[in-house]
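Engineer: Guided by the hints, dock chain B onto chain A, whose structure is given.
Here is what each chain is made of, one letter per residue.
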Amino acid sequence: MSRVVPIRLAALALVGLALLLVPIAGLLIRVPWSGLGGDLADSGDALRVSAVVSVLATTVAVGLGVPLAWLLARGRFRGRGLLRAAVLLPIVLPPVVSGVALLASLGRTGPVGRFLEVFLGFTLPFTTAGAVVAAAFVALPFVALVAEAGFRSVDRDLEDVAATLGAGPWRRFRRIALPQAVPALAAAVVLGWARALGEFGATVTFAGNLTGRTQTLPLAIFFELERDPEAAFSLSLLLVAISLLVLTAARRTWAR
Amino acid sequence: MTEAAQRLADAYGTHAIELSVAGSQVLVAQVREGAPLDIILTADATTAATLTGLGVVQGEPQAFARNRLAIAVAEGNPLGIAGLGDLAGPGVTLVLAAPHVPAGRYTAELLDAAGITLSASSLEPSVRAVLTKVQLGEADAGIVYRTDLARPGITGIEIPHEINPITEYFAAALTTARDPVAASAFVAYLATPAAQNILAELGFSS
Numbered sequence: 096m097s098r099v100v101p102i103r104l105a106a107l108a109l110v111g112l113a114l115l116l117v118p119i120a121g122l123l124i125r126v127p128w129s130g131l132g133g134d135l136a137d138s139g140d141a142l143r144v145s146a147v148v149s150v151l152a153t154t155v156a157v158g159l160g161v162p163l164a165w166l167l168a169r170g171r172f173r174g175r176g177l178l179r180a181a182v183l184l185p186i187v188l189p190p191v192v193s194g195v196a197l198l199a200s201l202g203r204t205g206p207v208g209r210f211l212e213v214f215l216g217f218t219l220p221f222t223t224a225g226a227v228v229a230a231a232f233v234a235l236p237f238v239a240l241v242a243e244a245g246f247r248s249v250d251r252d253l254e255d256v257a258a259t260l261g262a263g264p265w266r267r268f269r270r271i272a273l274p275q276a277v278p279a280l281a282a283a284v285v286l287g288w289a290r291a292l293g294e295f296g297a298t299v300t301f302a303g304n305l306t307g308r309t310q311t312l313p314l315a316i317f318f319e320l321e322r323d324p325e326a327a328f329s330l331s332l333l334l335v336a337i338s339l340l341v342l343t344a345a346r347r348t349w350a351r
Numbered sequence: 019m020t021e022a023a024q025r026l027a028d029a030y031g032t033h034a035i036e037l038s039v040a041g042s043q044v045l046v047a048q049v050r051e052g053a054p055l056d057i058i059l060t061a062d063a064t065t066a067a068t069l070t071g072l073g074v075v076q077g078e079p080q081a082f083a084r085n086r087l088a089i090a091v092a093e094g095n096p097l098g099i100a101g102l103g104d105l106a107g108p109g110v111t112l113v114l115a116a117p118h119v120p121a122g123r124y125t126a127e128l129l130d131a132a133g134i135t136l137s138a139s140s141l142e143p144s145v146r147a148v149l150t151k152v153q154l155g156e157a158d159a160g161i162v163y164r165t166d167l168a169r170p171g172i173t174g175i176e177i178p179h180e181i182n183p184i185t186e187y188f189a190a191a192l193t194t195a196r197d198p199v200a201a202s203a204f205v206a207y208l209a210t211p212a213a214q215n216i217l218a219e220l221g222f223s224s
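If you read the sequences in order, they're chains A and B.
In terms of the numbering used here, the first sequence opens at residue 96 and continues consecutively.
In terms of the numbering used here, the second sequence opens at residue 19 and continues consecutively.
Here chain A stands alone, though its shape is the one from the complex (with noise of 0.2 Å):
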């Protein structure tokens, strides 16, 4: 065998691994396999609620994160590197302040809450709806930086290639960028799925928690855990398998 990693780097990067297993190997141990059919059957309002927020939230993620990606790839303008700063600013904040974020200007009492309470008749927290948005900003942010990735890998020359043929903007984003960057694209779903899937603070603080409602899979492991521990490594293994599986799935959109 040729040994192309210096070993010191090699033992760090086992030590790295074991960081990064050890805890998963320890939920695996815990896990109560007797009742784990129960624990699942139990929690199909979480399931569902899990699954509707997540998947709402990546559409709302991908329809405004993509065209922001889009902007960050080949607008050229004044704070470009600003605003891709204001796009990540999610990724790195704490979820609950996420959450208090998303309560200071959508709660009822902030400017934009008000607004929608006073005009539109409705409010977010403690809703679906809510649930929906604070997946969606914790979500948006991974969508825009895999696809924004994708899109500066797109072939420029055919892009120019078409404008000399007279495709205005429009036809060289969907005819010529959009195709190219689908793998990219493919990934960017993914990450953001997962994302909205697992988040947890920005929901609880901006969302609240009631079952069947805006008690998603996370939330439901956090409030069993005090309750029913068994019930809780149920369904983080329910929420580790789901994870597997698509970071399986989106690999192979990577590795093409």
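Note that these hints are calculated values from the structure, not bench results.
Any given hint could be a false lead.
Residues on chain B that point at chain A, a partial pick, calculated with CB under 7 Å [as the list claims (entries may be wrong)]:
| id | residue |
| --- | --- |
| 1 | Q43 |
| 2 | H118 |
| 3 | S139 |
| 4 | S140 |
| 5 | L141 |
| 6 | G155 |
| 7 | E156 |
This structure is a prediction, so every number in the text was calculated from the model and none was measured.
Heads up, the beta-carbon is just placed ideally off N, CA and C, and yes, glycines get one too.
Structural biologist: Just chain B now, kept in the frame of chain A:
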């Protein structure tokens, strides 16, 4: 109780006391997993009994303060809420503490005694979260401890004593305390007139 604990710790003086503040059930989990704590204050007998059951406390947890529940509404009570019955209305956004935290257990007792069923918009992870949602104006009303009502932006509505459960706080020195004698001494201090006066000032009865 956070403010009370801070005041008591400051007044105690013999030792500098650091506070780790969380919901009772989170504290139990921390103690169970071996957090380096000396003394624990819990908000109900159930949590105290859990600790005794785990064998992590020295002797029996001591009751040192009492409280009651109350309804918290926005300052000035804009919806004109007069009692528990008004919380069931469709126009009232109500938040309660989740049933596994002490405040949630007391709330369930209260609603049982009152013979009322309420549908909450959210079951919050702690009584502080309930209070915050009312303070921020996201919720119209919440059920909290009477001593929580001193916060700005909050108006309290009393609940009649006949149905209002007496809530009890317990203190215990942990077996893992670095200095078990000092830890026990602080627990004993909580029963002294000096400590009880501080608690009474903040609205806790003994």
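Engineer: Hint by hint, say whether it matches the structure.
Structural biologist: We went through each hint and held it up to the structure:
1. Q43: Holds: closest Cβ of chain A sits about 5 Å from Q43 (chain B), inside 7 Å.
2. H118: holds, 5 Å
3. S139: holds, 4 Å
4. S140: Holds, because the Cβ-Cβ distance from S140 (chain B) to chain A comes to roughly 3 Å (cut-off 7 Å).
5. L141: holds, 5 Å
6. G155: holds, 4 Å
7. E156: holds, 5 Å
When held up to the earlier numbered hints, the structure conflicts with none and fits them all.
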